[in-house]
Amino acid sequence: AQSVTQLGSHVSVSEGALVLLRCNYSSSVPPYLFWYVQYPNQGLQLLLKYTTGATLVKGINGFEAEFKKSETSFHLTKPSAHMSDAAEYFCAVRSPNTDKLIFGTGTRLQVFP
Amino acid sequence: GAVVSQHPSRVICKSGTSVKIECRSLDFQATTMFWYRQFPKKSLMLMATSNEGSKATYEQGVEKDKFLINHASLTLSTLTVTSAHPEDSSFYICSARGGGGGYEQYFGPGTRLTVT
Numbered sequence: 255a256q257s258v259t260q261l262g263s264h265v266s267v268s269e270g271a272l273v274l275l276r277c278n279y280s281s282s283v284p285p286y287l288f289w290y291v292q293y294p295n296q297g298l299q300l301l302l303k304y305t306t307g308a309t310l311v312k313g314i315n316g317f318e319a320e321f322k323k324s325e326t327s328f329h330l331t332k333p334s335a336h337m338s339d340a341a342e343y344f345c346a347v348r349s350p351n352t353d354k355l356i357f358g359t360g361t362r363l364q365v366f367p
Numbered sequence: 048g049a050v051v052s053q054h055p056s057r058v059i060c061k062s063g064t065s066v067k068i069e070c071r072s073l074d075f076q077a078t079t080m081f082w083y084r085q086f087p088k089k090s091l092m093l094m095a096t097s098n099e100g101s102k103a104t105y106e107q108g109v110e111k112d113k114f115l116i117n118h119a120s121l122t123l124s125t126l127t128v129t130s131a132h133p134e135d136s137s138f139y140i141c142s143a144r145g146g147g148g149g150y151e152q153y154f155g156p157g158t159r160l161t162v163t
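Protein chains in written order, with our numbering: chain G, 255 to 367; chain P, 48 to 163.
For reference, chain G alone in the conformation it holds in the complex (with noise of 0.2 angstroms):
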């Protein structure tokens, strides 16, 4: 069974600084990896992904996340945070094999001016 563990359900930066968002996994074969936000009242867009090949991936918004194999992790950064980041950031993970995403239990962002 796949799974996938958020630490931490919210994380509070200043603007400028660094973001880092966790994200641990469980999966008996090689995962697919996502990072979804989530603004008020909407749905969810995607940020990233992590297939295959190269393990550092780069997403929307200056995001950027890199696949982490012997730590099962899928760690979310952004070198600098804008208001603008201020959301919910859901972590996914999905077979290879099958249609389904198991989501995190997200991290809300919060940026301080």
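Calculated directly from the structure, the hints in this document are not laboratory data. Some hints could be false.
Unchecked claim - Below, in silico cross-link-like pairs of lysine-lysine (BS3-like), each with a Cα-Cα straight-line distance of 25 angstroms or less: (1) G/Lys354 <-> P/Lys111; (2) P/Lys102 <-> G/Lys354; (3) G/Lys303 <-> P/Lys88; (4) G/Lys354 <-> P/Lys61; (5) P/Lys67 <-> G/Lys354; (6) G/Lys354 <-> P/Lys113.
Starting from the known structure of chain G, fit chain P onto it as the hints suggest.
Quick look at chain P alone, frame taken from chain G:
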């Protein structure tokens, strides 16, 4: 490209009535659509997977007679909450995946259901 819409965005209904939520893929053919439910400050819970022209596959614990899913065309899936109760109040989100072996799901903007 890859836009998914949902209608309505918000709906309020009385307890005991039924409500239908539509999910449309606007610029691609969605062979598979997914319905999720999101409780306040919680993650998304997959309710069911529907493939065009066939019956939906429901996740464990989801009542198929209460949450009726129809995927009659390659661009439209509907979720009908029958005999709604206040505990059905939630944010319902659909996603759609195209054919051709693609794996990425594109999400709709969600529907806020409030049952009074």
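**Message:** Would the hint linking G/Lys354 and P/Lys61 be met if the CA-CA limit is 25 angstroms?
**Reply:** violated, 32 angstroms
**Item:** Holds or violated: G/Lys354 to P/Lys113, with C-alpha atoms at most 25 angstroms apart
**Value:** holds, 22 angstroms
**Item:** 25 angstroms Cα cutoff - pair P/Lys102, G/Lys354
**Value:** Cα-Cα ~17 angstroms, so holds.
**Request:** Take a quick look at whether P/Lys67 and G/Lys354 sit within 25 angstroms of each other, Cα to Cα.
**Result:** holds, 24 angstroms
**Prompt:** Is G/Lys354 close enough to P/Lys111, meaning Cα to Cα at most 25 angstroms?
**Reply:** Holds, at about 18 angstroms.
**Message:** Against the 25 angstroms threshold, does the CA-CA distance of G/Lys303 and P/Lys88 hold or violate the hint?
**Reply:** holds, 23 angstroms
Comparing the model with each earlier hint shows a violation of hint 4 alone; every other hint is respected.
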